[in-house]
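Listed here are the chains, written in short residue letters.
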Amino acid sequence: MGLSLQILLPFFGGLAVLFAPRFGRDMERWGTVAVMALTLVVLLYSVVNGDSGRWLAFTRIDWAPSFGIQVLLAMDGLSAAMLAISAGLGIVCVFVSWHVTHRSAMYHAVICWTIATANGVFLSFDLLVFAFFWELMIVPAFLLIGLWGHGQRESAAMKFLVFNAVAGLGLLAAVFWMGATAPEITFDAFVLAESDYATWVQVLLLLGFALAFMVKLPVPPFHAWLPDAHTQAPTAGSILLAGLLLKTGAYGLFRFPPLLFPDGLMALAPYGMALGAFGVLYGAILACGQFDAKRLIAYTSISHMSIVLMGVCGGVHFALAGAGVEMVAHAFSSSALFLLIGALQQRTGTRDLRDLGGLQKTAPAFATSFAVFFAAALAMPGTANFLGEALVITGMFQVNWAFAAIALLSLIVSVLYATRLIGAIVFGKPKAATATFEDLKPHELWPIIALGAGTLFFGLFPQTLVGWLRPAVDAALLPLGVGAP
Amino acid sequence: MLAYFLLLVPLPPLGGFLLLALDPYRLERRAVMAVALAAGIAPLVLFLPVALGYFAGSIGDTIAPAFTLNFGQFEVALAMQLDALSAIAALTVTVVASCVMIYAADYMASARVADLRRFFALMNLFLAGMLSVVMAADSIVFFLGWELMGLCSFFLISYNMNSPRAFAAGRKAFVMTRIADAALLAGLLLLFLEATSVRIADLIPAGLAAPEQRAVVIAVLLLVGALGKSAQLPFQTWLPTAMAGPTPVSALLHSATMVAAGAILLIRFAPLIEAHPGVAAATAIAGVATAVFGALCAVAQTDIKRLLAYSSISQIGFMLLAVGMGAPGVAMAHFVVHALFKSLLFMSAGVLSHASGGTTEIRRLRGSAYAAPISFATYVVGAAALAGFPILSAGWWSKEAVLGAAVMAGPFGQFLWLVALGSAALTGVYAYRPVWSALRSPVEPLPAIKENWLAVGPLIFLATASVLGSFLVGPIVRTMGGTVPHAGLGVEVMGALAAIAGLIGSVVVSFSPVWSARIKRARRLRAGMQMDAIYYAFLVRPYRRVVHKLSGRNARKDTSHEAETDRTDGGMGDPVGTATVNLGLWLARVVTAPFVPDRFDLVTMRSTREVRRAGVWARRLQTGRLRTYVMAIAFGLGVLVILGWGMTWG
Amino acid sequence: MTPLNILLVLSAGLFFAGLFGVAARRTILMQLISLEIMLSGPALGFVAVGAYHGSVEGTGMFLMVLGLAAAEVALGLAIYLHMRRATGGDSDLAHRLRG
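Residue numbers (the numbering used here), protein chains in the order written: chain S, 454 to 938; chain A, 175 to 824; chain E, 379 to 477.
It is worth saying that the hints were derived from the structure and are not from the lab.
Glycine is no exception: its CB is placed at the ideal position from the N, C-alpha and C atoms.
Misleading hints may appear alongside valid ones.
A few chain E residues that face chain A, going by a derived Cβ cut-off under 8 Å, partial list only [unchecked claim]: (1) Leu388; (2) Leu397; (3) Ala401; (4) Val427; (5) Ser469; (6) Asp470; (7) Ala472; (8) His473; (9) Arg474; (10) Arg476; (11) Gly477.
Turn these sequences into a full structure, and let the hints steer you where they fit.
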């Protein structure tokens, strides 16, 4: 019950929020916060009362038995972390969007629905239902970008839609094929995991799945939708996009290939790692050349998520643990950065690095917050981001030193783009746009503090997070590296 | 019990950092100073009894575990330790840091409260990082502190927010040290994989037991990490430009502690270096080469801070030489002595420059000796220590130990000894130059400045230590488990002669017009043999070109304002991404192109035309005239009749 | 050729003459007159066949036709008067039902 509530609560909550303005001013905002808080409470309850063993919670409801479709929801540490992040980011989004008044009820409803569909992705283990939620996820995000975004929002939203919808076709095709050709038609992932496909079949199916996940991650060359989507999306849209939607791609890669296509994954793993390595460098190099702050952070997201790809394809314990930690860490740090840049744009009207500067003087709280997440973007030890990257690098050393070397390069290049960002925003003399800059207000500061505390906590006391992710990691191991535990 | 006390030592600066950075209580100027000084001096207060107890032998080697993680067979056990290295180094660091903090309280007194808070927060965080590095018992805490120092260094060098030059200097320092940090991380991770543990006590045997090739790679990676952090060749270009930061920053970070952290790294992992003669030789060569290079460049400098920066590079080269020659204890001794006199030199130079009206040019320091006599006196003591004034200064004793270690290490060592001797002589040449300059009478007499006790107290203390430290060198080496190398009287006399030669050389260089002109012309040397420019041309500019090429020439156009046109072709850069988009668009075009003139629709429309024409033709029957209709009826009747008649046939 | 045949031919000829007249004449009045001639054709035919068979129904039909013709003429002339106002007597001008 608790698991289906994770999906149903935000969905119906979103519907309820549509009617909330009748009850008072700002009621749709508080309503959304309440819905998200309630979801979080239900999640905590499920976690605390969870079973020990592979799954913390497991739900199975038959839906269309003759077609082998059921609502099969399962949660372990990884999904629980992702669900917590989704609800938490939902609350952050509300506080960040306090200034949005145009069709505000619909806006908050769309936020709720984004979270509901993402939760569906994180929980489903019936492949058809998973694909359903996967495709459905695109719709609220499309609305968010296209209706409440900035100047070029329609084209950015269309680009997002086309990329992700086309990529989802691969997933759908693979899912349908698998379900239909099973001895007894079923879409239950665990049952399908037992079926013994030939390796080349596994490779093909994996490519179908992987196409959808890699476009969502995003990994070059499929990343072109992300910079535009981020720059044109409203702040809450960017936060949900970076903190949540990208993680669904990572989550999909983490879960399904090792479960369904282990041989195929073994065959394709080196290419996956190579693609990830390319993505790490490409995203970082491009980030160094951007003048638009949000675009810069978008490219850094591409770089960081490519590290996750490397980790997942690495198959050894360290790499997978690092990928999981990086997923959580990046959700925190990129959400915080987008929050700050969003506040910046809202106050100054620009994201162009050449027009900004000197915020250390005019807005010290902003500057300090920025410095914290600057350190996180750099993967400074003490932040969860470093933990994730270091674990992935360790795993790469067990698999292939060349990939490890490239991942280490990312440490160096990250300094370049991070200093570019902070140098243009915090350092220097205040310019025309930033001369009068209202410092962060409490409703913006609290999310920052929470996110920063999370980043530092998981960076300094990693045993909580790593232990939490352990069952998921163990399920995804591949015999790839030397000396794997 | 003591173990947990160890864990407490880095906590006061950390707490100070949090208090000053987050500033929940909106502290006033005096409160800021108080918090900063308390946090900065507390580690000394906490650690002193521990260190003294250790040296007295009543406390043995201790490990203070923090917490433990498990990754299957891999165990990650974080801890701090108390052993010879950590005791000596931590004591040195806390002493020097306390002196610098007190000095900074006076030096930075004129800054805005917000900037003051920022400065002291960063200094305290740095101190916490450095203490983590020297007291770490495992590689994770070590690396944590290491990187933390790099971060604080960036922010402290670029402390002056209004100066793009300072920001660029900080950025350069950060990038270069990050390159070295990446190498260090690689080495530490490889060791971790070999040892399945992060404790340094486990890493070293595992590194020794590793297969030959791998062990060499690890040792080289660690060496590169040390070279970068300590600004040795080829990473040395960041330190001179880092002098753009305020004087206390230079005194603490870039002379005594952070740059020496590379030496600490090598001393800590010395067994791994010594196990491979090639790597040890490389270490020694790098050290000696840097020593000579730094000394030569220092001779040609006109700015006192840059002179001292090159001097730091040079002196750390000596430490690396000692490690390469298999005498880490000697390197440790030199580290301690260098920390004492170098921070002293920077701080007193700061006072002298303040007395000369804020300039750091050596030429313009004339007369400052009379304006700030106490600081000048301490500067002279520091310079003597740096130059290795025979017998009277601690610098001589530690340098002699280094030279002795080199001599005793075989023919190769003796060759290096000769080179190092030359560098020691050069050290004398440059060390006294500011002294002679300050002694000259100024163009206009300088007003005597008030030498605040806050500033001068630490100076006097450090000056005394630079002299009395002579007695510490032997004990330090012995505590580190080594023996003080006695290479024979001849070698020691050569060392003394080199120091005196340096003194004479400095007089010559400062007062002889020929030599002064030569130095003025040595632009190349002054610019550090323009390695900066070489790096820029071969590394930075090509990288920037790649970045611009990939980001698109039109990335320079305003993309955040709403005037942008969203083209999917080039101009927006990102060749890989736009390639995908263009591929998609091309595919869409190619697939839909045959269907664009809708043939079915054309057929339908054409057929309607025919139908219309038929209709037009059929309308001709509808004349509306009675007569036509009558004829039609008649015609039809006729047809029927004939039909009927025809049917009767059958 | 029996007398009946001759009479039937004559009646057919009258009918077609009248038909020709309706088709060929443009004036409405002349069309009406032709219509009368058309009527007289079958009327003659009825009489001839009645005489041939010696029954009285033929003559009865002839009387009905006569009455019919009279009624039709009455209405026809009334309509003709209206049409004359609209078209001036030219039947080709009454083409409002033209398609």
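To see whether the hints hold, each was checked on the structure:
no.	hint	result
1	Leu388	violated (18 Å)
2	Leu397	holds (5 Å)
3	Ala401	holds (5 Å)
4	Val427	violated (18 Å)
5	Ser469	holds (5 Å)
6	Asp470	holds (5 Å)
7	Ala472	holds (7 Å)
8	His473	holds (3 Å)
9	Arg474	holds (6 Å)
10	Arg476	holds (3 Å)
11	Gly477	holds (3 Å)
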